[in-house]
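**Student:** One letter stands for each residue in the lines below.
There are 2 protein chains.
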Amino acid sequence: MEPALRAAVKRLPAALSRISAYHFGWHNAAGTALTDPSSGKAVRPALAYLAAEALGGPPRCATPGAVAIELVHNFALVHDDIMDGDIMRRNRPTLWKQFGTGPALLAGDGLHILAIDTLLSQHTDRARTAVSLLTRAMIATLHGQAKDLGFTQRPWSGPAAVTPDEYRQAAAAKTGALIACSTAVGAVLAGGHPRHVARFAAFGRHLGIAFQCTDDVIGLWGEPGRTGKPVGGDLLAARKTLPIIAALASDTPAARGLLDLLSRGGEPLTANDLPEALHLVDVAGGRAAAEAEAQRHMTAAIHALAPLRISSQAREELNAMALYLTRRDR
Amino acid sequence: MEPALRAAVKRLPAALSRISAYHFGWHNAAGTALTDPSSGKAVRPALAYLAAEALGGPPRCATPGAVAIELVHNFALVHDDIMDGDIMRRNRPTLWKQFGTGPALLAGDGLHILAIDTLLSQHTDRARTAVSLLTRAMIATLHGQAKDLGFTQRPWSGPAAVTPDEYRQAAAAKTGALIACSTAVGAVLAGGHPRHVARFAAFGRHLGIAFQCTDDVIGLWGEPGRTGKPVGGDLLAARKTLPIIAALASDTPAARGLLDLLSRGGEPLTANDLPEALHLVDVAGGRAAAEAEAQRHMTAAIHALAPLRISSQAREELNAMALYLTRRDR
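For the record, the sequence lines run as chains B and E. In the working numbering, each number is its position in the first sequence, counted from 1, plus 35. In the working numbering, each number is its position in the second sequence, counted from 1, plus 35.
A few of these clues could be false.
The list treats identical chains as interchangeable, and a pair is accepted whether it falls inside one copy or across any two copies.
[Stated by the list, open to error] In silico DSS-like links for lysine-lysine, alpha-carbon gap of 30 Å or less:
#1 K45 <-> K182
#2 K275 <-> K45
#3 K275 <-> K132
If you are wondering where the hints come from, they were derived from the structure by calculation, not from laboratory data. None of these values were measured; they are calculated from a predicted model.
The whole structure should be built from the sequences, with the hints applied where relevant.
**Tutor:** See the structure below:
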């Protein structure tokens, strides 16, 4: 996929193509090609290829879909980093931090429109179906992002606090929709029957939620060297992620201790508070709740494909992907 | 068009739909519907309807195209205001200024994807052609915006200064592409022959450049009460617009005086400098150059449609639109 992805990004105006190559980890900030590119994991393209393969399609049939989805995913990352004010991604300064908000915003818009154009310029019925799936997934993602943005203004406790159920809905929209789209688009481009496409979409949707739950565990207890995220980062940034929400909802002494820490004088947590806060989230069952939720959805994902007659090799690869995505050290 | 546009915007997540209604001038900042909505001029939708009408299509055939283009136009306005740091639009605080950068950025992304989805969900061959025209126009617009962003870092004089020719290319891309797309999409949705569509595209492209040149004159000598833009605003913001670039390129004493003012100690111009700076742009021929350029392209636009057999009423309406768009008090 990467040659096709690079070719797509080259269609951007030179200034935006250059900074996008930095975002993808192909170039350093000065524009020099890196010999050891530190790209993302390309999970979504891999899922599109695996779904196409499972239905007997040749790998290349999934390429336009894989490229489009990876472009959309990275468009969302670039804009999310601006919105969240995040300054590091994959152990490097984020795009807006390195090149300014204006260029980063415009580069994100460019990746967005390239994604649509990559599929539209195929001029096949399958690609047209795929692009419709993609726009619908993007609207669903937007609903999830809007929910998430709304969460930031909600209190940690009381009747207006974010509930684990609300979290689930937001995760299904924010992360589930695009991962569901990855497998569905792979299936569509391989010529899959709508009934099969629906099963691959369900597989991806559950996997996406499991992935998000795991990501939330990593956002608190990840290994910085491997994940590029600081330990306890989500607590320091006061993000309302599942382990924290579930811990606060647990009605335990640890939950009350955590609430005291989080609401103390309206001050954000500092690195000094972190060991205690992490311990309280754990003791209140927040970590176990997120891990159980991930497990539940990973099982549901595997079940969604169970009735399909696909090769055992394809099934094993899809299941291995599901396992990988719910590992804490991925 | 407006009911269809409002229905599209309602498909956004509630929080984004609400702030988008503020951007469109339908609501005030508190979310109350305004009895006297101060929407934009809806120039692009009007052009789509006029092109469709000229080719004998019923008005409603152009509606999905008109809505999509107005959504794209407003997506670009919302993101441009963030990039440029502009705080006022249509005499009200800009979206990011009123609601924050994150929500405004996300609302812009939402309008972007809604535009694509509005056309795709028609499921007709004409709408599919229209959406391809739209994505190509959006990529061209991006090239223009990237050029424009690059201009901000260039000096006012010397070999690296922005030339009037570079300005023309950027204007054709930044403003011409989407206005060309407006008339072309109207023609396509009315079932126009590709040869006719190309003529409508040429009409729109020339009109777009004329529009941008006029906009640049308004950006210096507009009537704030009518246009919502402050007198001399583009000089205060150090924007490299045609009147200023042409004045500086004129090799006159006034050009040298203007350059002195603009480069004095690297300080931006103040309101005190404005009368003198505006006078110098005028004396150096900057205003006349921009007005002549607008006139030239308006004439070319009218010529592009000359060979077409369309009703004299449709022709008069299209020409009237061209005249309106190049009026300084529009």
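**Student:** Next step is simple, just say for each hint if it's right about the structure.
**Tutor:** We went through each hint and held it up to the structure:
In this assembly of identical chains, the alpha carbons of K45 and K182 lie at most 30 Å apart only when taken from different copies (16 Å versus 34 Å within one copy). Taking the shortest alpha-carbon separations for K275 and K45, only the inter-copy value of 27 Å comes in at or below 30 Å, while the best intra-copy value is 37 Å. Both within a single protomer and between protomers do K275 and K132 lie at most 30 Å apart by alpha-carbon distance, with minima of 24 Å and 25 Å respectively.
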